[in-house]
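Going down the list, the protein sequences come from chains A and B. Each residue of the first sequence is one higher than the one before, starting from 1 at the first, in our numbering. Each residue of the second sequence is one higher than the one before, starting from 1 at the first, in our numbering.
Among these hints, one or two may not hold up.
Chain B side only, calculated, beta carbon under 7 Å to chain A, not exhaustive [as the list claims (entries may be wrong)]: (1) Phe126; (2) Phe273; (3) His277.
Simulated DEER-style distance windows between Cβ atoms [said to hold, decoys possible]: (4) A:Ile168 with B:Ser66: 28 to 34 Å; (5) B:Thr150 with A:Asp27: 36 to 42 Å; (6) B:Ser66 with A:Gln119: 22 to 28 Å.
Covered stretches of chain A (in silico footprint by chain B; criterion: 3 or more residues with CB under 8 Å from a CB of chain B, positions within the stretch not fixed) [what the hints assert, rightly or not]: (7) 64-74; (8) 212-226; (9) 280-286.
Calculated directly from the structure, the hints in this document are not laboratory data. By construction, the Cβ of each residue, glycine as well, lies at the ideal position given by its N, Cα and C atoms.
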Amino acid sequence: MTGTTRRPVPAASTLRASRRHPRSSLDRDRNGFGYFLLAPQVIAFTAVGLVALGWVIWLSLNNINVLARSQTFVGLDNYARILQDPNMATVLPNTLFFVVIISVSNTVIGLLLALLMNQKLPGITVFRSLIFVPALVTMVAWTLVWRFIVQPAGGLDALLGLVGIPEIPWLRSGWVTLALFAFIQMTKNVGINMILFLSALQSIPEELSEAARIDGANRWGVFRHVTVPQISAATLMVFMLTVVGSFKIFEIVLLLTNGGPGVQTSVLSFAIYQNAFVLNDVGYASALAVLLFALVLVLSGLIWQLRRRLVFNES
Amino acid sequence: MRAETTRRQRQRRLLVIRRVPMYALLCLVSLAFIGPILWMLSGSLKSTNEILRYPPTIVPEHVQWSNYLLVFVNQPYLLQFLNSVAVMAGVCAITLVLSVPAGYALSKVRPRGGSAIFLLLLSGIFIPPEATIVPLYRMADALGWLDSLTPVIVFTAVLTTAPIATFLMRQAFLVLPTEFQEAATLDGSGRLRTMLQVYLPLTRPSIAAAVVLSCWYSWNQFLEPLVYLRSQEHLTVSVALTRYLDYNGEPTWGIQMAATTLSLLPVLLVFVFAQRHVVAGLTAGGLKS
Chain A
1 MTGTTRRPVP AASTLRASRR HPRSSLDRDR NGFGYFLLAP QVIAFTAVGL
51 VALGWVIWLS LNNINVLARS QTFVGLDNYA RILQDPNMAT VLPNTLFFVV
101 IISVSNTVIG LLLALLMNQK LPGITVFRSL IFVPALVTMV AWTLVWRFIV
151 QPAGGLDALL GLVGIPEIPW LRSGWVTLAL FAFIQMTKNV GINMILFLSA
201 LQSIPEELSE AARIDGANRW GVFRHVTVPQ ISAATLMVFM LTVVGSFKIF
251 EIVLLLTNGG PGVQTSVLSF AIYQNAFVLN DVGYASALAV LLFALVLVLS
301 GLIWQLRRRL VFNES
Chain B
1 MRAETTRRQR QRRLLVIRRV PMYALLCLVS LAFIGPILWM LSGSLKSTNE
51 ILRYPPTIVP EHVQWSNYLL VFVNQPYLLQ FLNSVAVMAG VCAITLVLSV
101 PAGYALSKVR PRGGSAIFLL LLSGIFIPPE ATIVPLYRMA DALGWLDSLT
151 PVIVFTAVLT TAPIATFLMR QAFLVLPTEF QEAATLDGSG RLRTMLQVYL
201 PLTRPSIAAA VVLSCWYSWN QFLEPLVYLR SQEHLTVSVA LTRYLDYNGE
251 PTWGIQMAAT TLSLLPVLLV FVFAQRHVVA GLTAGGLKS
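Produce the complete structure using the sequences and hints provided.
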């Protein structure tokens, strides 16, 4: 069986034998090699990620005084505080506002932009690149530029002044400020969604829309009955990613308003940072962090479940 | 013959005219995305006096190149830039070392429990950094890593970019035929060598995407360096940009916009020369943005 027979064609008898007894030594060998390759990633991820997760849960059950370096176990007190904290009555609705507004607007506008950019026009790639540019810019840079634009008597006021709209105190105007934040976040990242939608649109077979047209469908009909089902998987992915990303509206809040006035423009991720690193209320910040993690987990789980119902499947 | 050409010309002219509204729309839409960047450029060349004028000028009246000089005078910007580059390089290196073998194992070796491990790693993509920053800060403190680039590099790579890259690399290896493995084994190649010399070179586009997303994510990072780093000479660019302030703590707009412009230049350059890879990397990185 050595040198002479190098071909991997086993004799009939060995085949039958191997079916009866799974090739255990080979399997063990393969498993060993697989674990060897996976080990660095899994060990590192567990050592950092799972330990951090366990730790944040433990911290959330304690009252921590950073200055006195003392720590006392208080059970679920920090979670009870979330329910009673009047600040949270503003912060949590703000957070949900961003999740809803940003995920819906980023998905819808991403799709509209993709449809607009999917036309066969000379020079269309230039426009595609221009819309993609903010995605290349760091969130901090984009936020700083916008802070420059919305400063009192700044660029935005001047632009709106051209059409007769009076100056607006952009950073102290309640829901207008929140809407502005959503717009800043949307323009930053919607280019990525546009690209994801574009590649989905371009992978639709030409024959499908042609067949629909021959069957008498108008443009809306083709869109509704061919395009939408064909890009449903991409839509769901984009939506899920923006939902997860919309919790991360941190730089804008910190750099534009610092959550103020009061906590009027604060969100959960900012409240975690503020409680942990400005107010040194580590236990409470940890409880908020656990809440954030739970929210992201539940929402992405829900959307993943929706997938079964909504995504068009060819089979 | 003549009538034919004029008719064709007229048709072409009609086509162009019909496209004018469409191009107007495209320009208007693009302005929402590119306008802020043009405003930043214009602001970076204005004096403080001109910036505070209302109504503002669009093109700077007196071009102030000195803003760009002051970027380097007010802060050790070059050093901070190099810090950011060091973070990028570190994150890329760790990401590739962890994700290439893991991706190969999950697609071509498939040990028992592989899919459970894959799910575990995928969950890393969904953990928001704000949710783990408190314990990670304490971990960095315990390890003596505070005010150094180490936690910025290690935690980011291990928790975020490596899991996403593993996902990418697994996809890349999956589409390659398994027969190569058998053929390579018959030729006497070891399993490690088969992975590195037969399969790895075929996944070059995905490796490029993984590098781009690691660079982009680490270049973008703000919360982590903000929390871990203290001294000015250890800051990364993204945090340093926010520290161009006058004595009242108000931003020095012109200098800050100049520093921001400088921070965009390398990224835009890379985009121009490697557009395809950048787009692939960012759409994969969009998994956590």
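ask   = Which earlier hints turn out false for this structure, listed by number in ascending order?
value = Violated hints: 2, 3, 6, 7 and 8; rest satisfied.
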